[in-house]
Amino acid sequence: MRARIALPAVTLCAVTALPAQAATDSHIEGRLPSGATYLMDVPAAWNGTVLLYSHGYRAAGWPNPAQNAPSSQTRDELLADGYALIGSSYATNGWAVTDAVPDQLATLDLFTTRFGTARRTLAWGTSYGGLVTTTLAERHTDRFDGSLAMCGLVQGGVANWNSTLDPVFALKALLAPGDSIPLTGFADQAAAQSAASALTAKVTAAQQTDEGRARIALAAALHNIPGYNDAAQSKPGPTDWDAQQANQYAAVTGLLQLPAFSWRQEAERRAGGNPSWNTGVDYTALLHRSPVYKEVTELYKKAGLSLRADLTALNRAPRISADPAAVRWMRDTSVFKGRLTDPQLNIHTTGDALIPVQAESAYRRAAAAAGTGRLLAQAYVDGPGHCTFTPGEILAALHTLEHRLATGRWDTSADALNNRARQEEPTPEPRYVTYRPTPYPRPYDLAHPGDARP
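When the sequence shown is numbered by my numbering, its final residue is 468 and no position is left out of the sequence of numbers.
Some hints could be false.
To be verified - With beta-carbon atoms standing in for the labels, derived distance ranges:
id: 1; residue 1: L119; residue 2: H462; range: 23 to 33 Å
id: 2; residue 1: T355; residue 2: G268; range: 33 to 43 Å
id: 3; residue 1: G130; residue 2: H462; range: 35 to 45 Å
Unchecked claim - Dumping the calculated DSSO-like pairs for lysine-lysine here, alpha-carbon to alpha-carbon at most 27 Å:
id: 4; residue 1: K216; residue 2: K308
id: 5; residue 1: K216; residue 2: K351
id: 6; residue 1: K351; residue 2: K249
id: 7; residue 1: K249; residue 2: K316
id: 8; residue 1: K249; residue 2: K308
id: 9; residue 1: K315; residue 2: K216
Since the hints were derived computationally from the structure, they do not count as laboratory data. Glycine included, each C-beta is placed from N, C-alpha and C at the ideal position.
Kindly produce the complete structure, drawing on both the sequences and the hints.
Right, dumping it as structure tokens:
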């Protein structure tokens with residue numbers, strides 16, 4: 015049964031009965047003045063907690079529906095437990111933080127108008143939604159009691175684009191040194207896609223030789239791409255360098271097809287230029303700090319190549335400078351101070367190739383410098399892929415954040431998280447582990463004044 019209701023500044027708003035729930039449960043869909051759509055699910059026996067969900071990156075042309083939970087199973091379990099779930103689509107696709115933040119706050123305002131002030135309000139999100147969630151947590155602290163960023167882009171925008179530049183710079187310098195393949199400053203999507211295709215062809219050809227595979231592994235190491243990064247892959251042994259490289263190659267080609275070129279062009283358009291650089295970067299030092307450094311050295315030995323010679327060539331290759339105005343835009347919209355007022359829990363898979371797990375080190379660094387490290391907890395799931403958490407693992411993280419709010423102390427041991435996950439979902443076996451990621455390759459935050467200069 016459908017009935018229209020009127021809410022402030024809302025169109026296309028409808029209340030419907032949720033399937034298999036009491037008729038008084040509310041399912042509300044509508045459109046904000048910005049053009050973003052929103053979605054609210056509120057059970058009749060609402061427990062007083064509302065969860066504002068921020069979804070991940072959606073490229074231009076992709077479907078962009080409103081979303082209020084990471085998955086339908088997670089949504090259904092939370093509704094059954096009495097949580098209210100809300101979220102918006104954001105008015106635009108792409109690097110949309112300047113739309114996402116006001117649209118999410120407007121959705122929360124509408125919820126409060128319709129249902130009253132929540133006893134507890136939590137921000138949560140996945141992937142790019144982790145950046146939106148952390149922006150909400152840092153810049154709108156009065157609106158939230160805590161936050162949960164899952165597989166989040168918590169290194170911030172400048173660090174992300176710098177780290178995305180490094181592997182493609184290495185691929186071009188080592189595999190196509192004489193080719194005029196642009197890596198930044200694309201006029202439009204067609205130009206970005208043309209550059210991506212040109213460099214992908216070079217990488218595809220290089221993968222056929224020992225020399226090429228070693229160089230692709232070097233590029234992957236600069237982005238900390240793990241040797242097991244997709245559940246569809248076979249898990250290599252700890253010294254099976256060839257299998258690890260083959261898995262990295264798959265991730266590198268994915269990086270070329272979307273984030274490094276197409277998504278970059280969209281972000282550059284918003285920023286008004288290129289917000290990343292590699293001037294002054296010592297790639298020898300960067301490689302030595304990578305957790306996959308050993309693999310690179312072994313593949314270079316097998317190929318009979320001089321790693322020192324390639325690093326010298328890489329360090330001597332013409333560098334890319336940032337556009338200062340674009341850096342300022344990215345810094346003002348998408349870089350963190352680490353200044354938390356309320357508790358935040360971050361969770362990440364160890365085998366993430368899109369947003370490598372070292373992103374967590376970057377935000378830990380910022381929070382420590384800002385003096386709010388005690389409010390931040392981080393936990394890790396031992397598994398391949400990006401945002402490949404089970405519903406049980408997600409719910410365990412949420413309840414761990416709630417435990418912190420209720421008791422004033424973190425209980426984020428792997429055993430505690432796995433026990434909570436089993437209570438929510440006995441199978442599959444939860445995968446939280448004791449883990450500490452290596453430092454992020456090139457961190458950039460507002461808590462470290464030296465980061466502010468390209």
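Hints, verified against the model:
Evaluation of the 23 to 33 Å hint for L119 and H462 yields a pass: the beta carbon distance comes to about 28 Å. Between T355 and G268 the beta carbon distance is about 37 Å. The supplied range of 33 to 43 Å therefore holds. A C-beta distance of roughly 41 Å is found between G130 and H462, which places it inside the suggested range of 35 to 45 Å. Taken as a hint, the K216 and K308 pair is honoured in the structure, with Cα atoms around 24 Å apart against an allowance of 27 Å.
Of the pairs offered as hints, the one joining K216 and K351 is violated, with about 39 Å between alpha carbons and a cut-off of 27 Å exceeded. For a cut-off of 27 Å, the pair hint linking K351 to K249 is broken: about 37 Å separates their Cα positions. Of the supplied pair hints, the one linking K249 and K316 holds, its CA atoms being roughly 21 Å apart against a limit of 27 Å. A hinted pair counts as satisfied when its Cα atoms are at most 27 Å apart, and K249 with K308 qualifies at roughly 18 Å.
This hinted pair checks out: K315 and K216 have alpha carbons roughly 22 Å apart, not beyond 27 Å.
Hints 5, 6 from the earlier list are contradicted by this structure; the remaining hints agree with it.
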